[in-house]
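From first to last, the protein sequence lines stand for chains B and X. Mapping of the first sequence onto our numbering: position 42 corresponds to residue 42, and the numbering continues sequentially without gaps. For our numbering, add 495 to where a residue sits in the second sequence, where the first one is 1.
None of these hints come from the bench; they were simulated from the model. Glycine is no exception: its CB is placed at the ideal position from the N, C-alpha and C atoms. Take these hints with a grain of salt, some might be off.
Among the chain X residues that face chain B by a calculated CB cut under 8 Å, a handful are [what the hints assert, rightly or not]:
(1) Val-500
(2) Ala-504
(3) Gly-549
(4) Thr-551
(5) Tyr-553
(6) Glu-557
(7) Asn-609
(8) Phe-638
(9) Ser-790
(10) Pro-804
(11) Pro-871
Derived lysine-lysine pairs resembling DSS-like cross-links, with alpha carbons at most 25 Å apart [unchecked claim]:
(12) X/Lys-680 - B/Lys-167
(13) B/Lys-249 - X/Lys-677
(14) B/Lys-131 - X/Lys-617
(15) X/Lys-882 - X/Lys-508
(16) X/Lys-762 - B/Lys-167
(17) B/Lys-306 - X/Lys-772
(18) B/Lys-49 - B/Lys-104
(19) X/Lys-508 - B/Lys-306
(20) X/Lys-617 - B/Lys-167
(21) X/Lys-680 - X/Lys-578
(22) X/Lys-882 - B/Lys-167
(23) B/Lys-334 - B/Lys-306
(24) B/Lys-131 - B/Lys-104
(25) B/Lys-104 - B/Lys-167
(26) X/Lys-508 - B/Lys-167
(27) X/Lys-680 - B/Lys-306
(28) B/Lys-414 - X/Lys-639
(29) B/Lys-265 - B/Lys-414
(30) X/Lys-882 - X/Lys-639
(31) X/Lys-680 - B/Lys-249
(32) X/Lys-762 - X/Lys-680
(33) B/Lys-249 - X/Lys-578
Just so you have them, the derived chain B footprint on chain X, three or more residues with Cβ under 8 Å [said to hold, decoys possible]:
(34) 582-596
(35) 618-630
(36) 713-723
(37) 815-829
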Amino acid sequence: MEMPKPDEAVLSRRHRIADDLRAIVPGEGVIVDEDERRPYESDGLTAYKTSPLVVVLPETVEQVSAVLRYCHENGIKVVPRGAGTSLSGGSLPLEDGVLLGLGKFNRILEVDYDNRCARVQPGVTNLAITKAVEGDGFYYAPDPSSQIACSIGGNVAENSGGVHCLKYGLTTNNLLGLEVVMIDGEVIRIGGKHLDSEGYDLLGIMTGSEGLLGVVTEVTVRLLRAPETVQALLIGFPTSEQAGDCVAKVIGAGIIPGGMEMMDKPAIHAAEDFVHAGYPLDVEALLIVELDGPAQEVDYLIGEVKEIAESCGAVSLRISENEQERLSFWAGRKAAFPAVGRISPDYYCMDGTIPRHQLPTVLRRMTELSTHYGLRVANVFHAGDGNLHPLILYDANVPGELEKAEEFGGDILKLCVEVGGVLTGEHGVGVEKRDLMPAMFNEVDLAQQMRLKCAFDPDGLLNPGKVFPVLHRCAELGRMHIHKGKLPFPDIPRF
Amino acid sequence: MTQFVPETAEQLKDAVAWAVAEEYSVAVKGAGTKAGFGRPMRTEHEIDLSKLGGITLYEPEELVLRAGAGTPMAEITAALDEKNQQLAFEPPDLGFLLKGESAAGTIGGVIATNLSGPRRIKSGAARDHFLGFEGVSGRGEVFKSGGRVMKNVTGYDLCKLMAGSWGTLAVMSQITVKVLPKAEKERTVLLYTDDPATAIRALTDALNSPYDVAGAAWLPKALAASTGIDLVSAEESGVAAIRLEGPGPSVEYRCARLREAAGALGKTEELHSHRGKSLWTQIRDVMPFAAAGDSRVVWKISVAPSDGPDVYRQLLSLKGAEAFMDWGGGLIWLAVDMASLGGADVVRGIVAKAGGHATLVRGESQLRADAGVFQPQAAGLAALTRKIKNGFDPHGVLNPGRMYDGV
Numbered sequence: 001m002e003m004p005k006p007d008e009a010v011l012s013r014r015h016r017i018a019d020d021l022r023a024i025v026p027g028e029g030v031i032v033d034e035d036e037r038r039p040y041e042s043d044g045l046t047a048y049k050t051s052p053l054v055v056v057l058p059e060t061v062e063q064v065s066a067v068l069r070y071c072h073e074n075g076i077k078v079v080p081r082g083a084g085t086s087l088s089g090g091s092l093p094l095e096d097g098v099l100l101g102l103g104k105f106n107r108i109l110e111v112d113y114d115n116r117c118a119r120v121q122p123g124v125t126n127l128a129i130t131k132a133v134e135g136d137g138f139y140y141a142p143d144p145s146s147q148i149a150c151s152i153g154g155n156v157a158e159n160s161g162g163v164h165c166l167k168y169g170l171t172t173n174n175l176l177g178l179e180v181v182m183i184d185g186e187v188i189r190i191g192g193k194h195l196d197s198e199g200y201d202l203l204g205i206m207t208g209s210e211g212l213l214g215v216v217t218e219v220t221v222r223l224l225r226a227p228e229t230v231q232a233l234l235i236g237f238p239t240s241e242q243a244g245d246c247v248a249k250v251i252g253a254g255i256i257p258g259g260m261e262m263m264d265k266p267a268i269h270a271a272e273d274f275v276h277a278g279y280p281l282d283v284e285a286l287l288i289v290e291l292d293g294p295a296q297e298v299d300y301l302i303g304e305v306k307e308i309a310e311s312c313g314a315v316s317l318r319i320s321e322n323e324q325e326r327l328s329f330w331a332g333r334k335a336a337f338p339a340v341g342r343i344s345p346d347y348y349c350m351d352g353t354i355p356r357h358q359l360p361t362v363l364r365r366m367t368e369l370s371t372h373y374g375l376r377v378a379n380v381f382h383a384g385d386g387n388l389h390p391l392i393l394y395d396a397n398v399p400g401e402l403e404k405a406e407e408f409g410g411d412i413l414k415l416c417v418e419v420g421g422v423l424t425g426e427h428g429v430g431v432e433k434r435d436l437m438p439a440m441f442n443e444v445d446l447a448q449q450m451r452l453k454c455a456f457d458p459d460g461l462l463n464p465g466k467v468f469p470v471l472h473r474c475a476e477l478g479r480m481h482i483h484k485g486k487l488p489f490p491d492i493p494r495f
Numbered sequence: 496m497t498q499f500v501p502e503t504a505e506q507l508k509d510a511v512a513w514a515v516a517e518e519y520s521v522a523v524k525g526a527g528t529k530a531g532f533g534r535p536m537r538t539e540h541e542i543d544l545s546k547l548g549g550i551t552l553y554e555p556e557e558l559v560l561r562a563g564a565g566t567p568m569a570e571i572t573a574a575l576d577e578k579n580q581q582l583a584f585e586p587p588d589l590g591f592l593l594k595g596e597s598a599a600g601t602i603g604g605v606i607a608t609n610l611s612g613p614r615r616i617k618s619g620a621a622r623d624h625f626l627g628f629e630g631v632s633g634r635g636e637v638f639k640s641g642g643r644v645m646k647n648v649t650g651y652d653l654c655k656l657m658a659g660s661w662g663t664l665a666v667m668s669q670i671t672v673k674v675l676p677k678a679e680k681e682r683t684v685l686l687y688t689d690d691p692a693t694a695i696r697a698l699t700d701a702l703n704s705p706y707d708v709a710g711a712a713w714l715p716k717a718l719a720a721s722t723g724i725d726l727v728s729a730e731e732s733g734v735a736a737i738r739l740e741g742p743g744p745s746v747e748y749r750c751a752r753l754r755e756a757a758g759a760l761g762k763t764e765e766l767h768s769h770r771g772k773s774l775w776t777q778i779r780d781v782m783p784f785a786a787a788g789d790s791r792v793v794w795k796i797s798v799a800p801s802d803g804p805d806v807y808r809q810l811l812s813l814k815g816a817e818a819f820m821d822w823g824g825g826l827i828w829l830a831v832d833m834a835s836l837g838g839a840d841v842v843r844g845i846v847a848k849a850g851g852h853a854t855l856v857r858g859e860s861q862l863r864a865d866a867g868v869f870q871p872q873a874a875g876l877a878a879l880t881r882k883i884k885n886g887f888d889p890h891g892v893l894n895p896g897r898m899y900d901g902v
């Protein structure tokens, strides 16, 4: 993975820059010592490591603004970081870049039930929001599996999902407002407690922009009232085709479950060995279907789903009798990644989305690829929305195996695009999938996205080297190549 | 003026590329149903998308539909009806309000204006259901973004940017949306009350309950009477309405629970089947202000729901003012006599104080030109808006001035 060439002039000014930043963020908020910088050299994509130029940990919006203004004026790159749980290297530092950590922005500023929202600082963890309101019967819907650690600011940057997306949406569908500091230090507010702000949808654009457009310093999230009851079915099928068929028929019957997850045989076995959730071991595919709402509704829908599953050839079917049993159904799924981590020295987690009906094709071709590369793969799948997480098992201590795993992963994602899907459903492009972007977008598509970046950050100082495979100067992107007087276009009907 | 009616995406590209090369301004038109909405423009030419229509992909079990931008909403609704599905954001038909007759427009127009109905509070806005597009930028280049799957974070979410951009950034040719099953059953709880604060209290309690409310509106007495629905006008008072949707047994249970809760605040009633449908369609389409001869200026006002009653009271003191609330108090539809720049400033002032925004939906073209249609932006946002426009349409060829001066 090639990153932008470090600026030697900036590198040589490291201590001078740290001193200047100390004038903005006093005390221990500026880290320049090599050993103390080390904890920041990687995020959730641990295969990549770079020690940042300087780490700065501001505590106020004014400080964030002043740090960005300083970096802007001095041509210094900035990499924003929340909790550092990105699985795509979104907060991978740059050697010549300031790492701007938002961890000290960890307060919940306001909970407003009448408007069903909360204003929180970006360093608050996803789970902390739900914890703060669950006593009153509310929750924040998006629930990425890293929710205990990941920050809401990072969720905004990555447009994080979770297992309840099909019914409750991703981060972008659950935000009302943002406060954003632009690279030149200007603070703007987008949205508020009302819906659908006019003008270009900057809330929508900031969400999932992977730290390339601005630094979020406050988030207004929507809160939802928790359902009265939640129940789940655990259904085993002899083939993944039958499980896929069941998913399609449930949705075809007009049922949108709160969650609908699928695991393949290797994932089932790894999970069962790890947490002993009571998963059937003689099935090829396992579905967890979760239904939520008033008891009357859940009872009714469980009956419907059960009937559909049986008609699709389910060979095992359990319905959770109580909360403990429901959680046990999920225990294996939620522990799938660490469970796979136990059966292999290393694993590489992929994140493509496909049209659901392509699942059998994709699984078959993935098996072929697995044989080709000589690497095992286990699959967990947000079946309702087509988001596939193949886990490629490898051993980083075997020379060349990481590269092989990455190549295998790249082939899987290209396969996802080939069947009508996309490179990433919820983990982001970051550095990980950056060079695969041309599999999905042509040069014109990418140039248009970069022009949006130019409107926010014309000098390309915010998180460069992420998302876009080739960096272009904004002046170059702005040029137009026009051939005048080429009108005839005789074919277009005109009046 | 030349009107181009491209029949293929290639022809659309040629027409835009020509306009860009010659620096001609063009109006982008679907069915033209919202010509009287938005800032008025004077453009040299027009691109009519009505021949770029037709559903190109519909997979009900995958919850996805793709269609040419010029596809009439009627065609899309008919296809969805056949599979018992819908666009869950409930796109309004503003034709009655704007031109006195049904005119639901095209899917391109619905997305470009990001218009959503009463179910917005539960299911999200048009932008939340917009999965992908192909189009031609104001640079005359064909580009795409998004896809056809439900979950996608590959690159910037340009779909969000296109939704609500009023054709000022690019001309969309193909649009992909998420579609959802229709609910099996629908019921509406009515609470008769003249007091907007009591009404919003009831709606807030319902929205904060676990009963999954799919519509929360309040009509004052005169507007309740205008619906022509017997149970809505029966008590000769204002009416708060709470809509529930879902499987039969669930709807009946939730309806009973919410009716019981609302009962503490006043007399209640329930609407079933066609009566309920009629009420919510009238609210969605702003029918209370669409009567023949009503030429008042109409505003769509979005505020924090808890600010609804207070903003409503202030607005009601204006000349000829009538209003009703949707989205649990977060959306106020206002009709008012003040067709002047000064009148617009008063409305905007009241709304701005509450931190919301006001959109001038119906008004003479002179008023829309003088007062603007959207709430003026703070300096930082306005500058960013221009830069974004410049990145997509550097010569200001597409729908110039439709949103703001120069945008």
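Right, here's what the structure says about each hint:
no.: 1; hint: Val-500; in the structure: holds, 4 Å
no.: 2; hint: Ala-504; in the structure: violated, 12 Å
no.: 3; hint: Gly-549; in the structure: violated, 16 Å
no.: 4; hint: Thr-551; in the structure: violated, 13 Å
no.: 5; hint: Tyr-553; in the structure: violated, 13 Å
no.: 6; hint: Glu-557; in the structure: holds, 6 Å
no.: 7; hint: Asn-609; in the structure: holds, 7 Å
no.: 8; hint: Phe-638; in the structure: holds, 5 Å
no.: 9; hint: Ser-790; in the structure: violated, 24 Å
no.: 10; hint: Pro-804; in the structure: violated, 11 Å
no.: 11; hint: Pro-871; in the structure: violated, 10 Å
no.: 12; hint: X/Lys-680 - B/Lys-167; in the structure: holds, 18 Å
no.: 13; hint: B/Lys-249 - X/Lys-677; in the structure: holds, 15 Å
no.: 14; hint: B/Lys-131 - X/Lys-617; in the structure: holds, 23 Å
no.: 15; hint: X/Lys-882 - X/Lys-508; in the structure: holds, 23 Å
no.: 16; hint: X/Lys-762 - B/Lys-167; in the structure: violated, 34 Å
no.: 17; hint: B/Lys-306 - X/Lys-772; in the structure: violated, 32 Å
no.: 18; hint: B/Lys-49 - B/Lys-104; in the structure: holds, 23 Å
no.: 19; hint: X/Lys-508 - B/Lys-306; in the structure: violated, 51 Å
no.: 20; hint: X/Lys-617 - B/Lys-167; in the structure: holds, 11 Å
no.: 21; hint: X/Lys-680 - X/Lys-578; in the structure: holds, 16 Å
no.: 22; hint: X/Lys-882 - B/Lys-167; in the structure: violated, 35 Å
no.: 23; hint: B/Lys-334 - B/Lys-306; in the structure: holds, 23 Å
no.: 24; hint: B/Lys-131 - B/Lys-104; in the structure: holds, 19 Å
no.: 25; hint: B/Lys-104 - B/Lys-167; in the structure: violated, 33 Å
no.: 26; hint: X/Lys-508 - B/Lys-167; in the structure: violated, 37 Å
no.: 27; hint: X/Lys-680 - B/Lys-306; in the structure: holds, 21 Å
no.: 28; hint: B/Lys-414 - X/Lys-639; in the structure: holds, 18 Å
no.: 29; hint: B/Lys-265 - B/Lys-414; in the structure: holds, 23 Å
no.: 30; hint: X/Lys-882 - X/Lys-639; in the structure: holds, 20 Å
no.: 31; hint: X/Lys-680 - B/Lys-249; in the structure: holds, 20 Å
no.: 32; hint: X/Lys-762 - X/Lys-680; in the structure: holds, 24 Å
no.: 33; hint: B/Lys-249 - X/Lys-578; in the structure: holds, 13 Å
no.: 34; hint: 582-596; in the structure: violated (count 0)
no.: 35; hint: 618-630; in the structure: holds (count 4)
no.: 36; hint: 713-723; in the structure: violated (count 0)
no.: 37; hint: 815-829; in the structure: holds (count 3)
Comparing the model with each earlier hint shows violations of hints 2, 3, 4, 5, 9, 10, 11, 16, 17, 19, 22, 25, 26, 34, 36; every other hint is respected.
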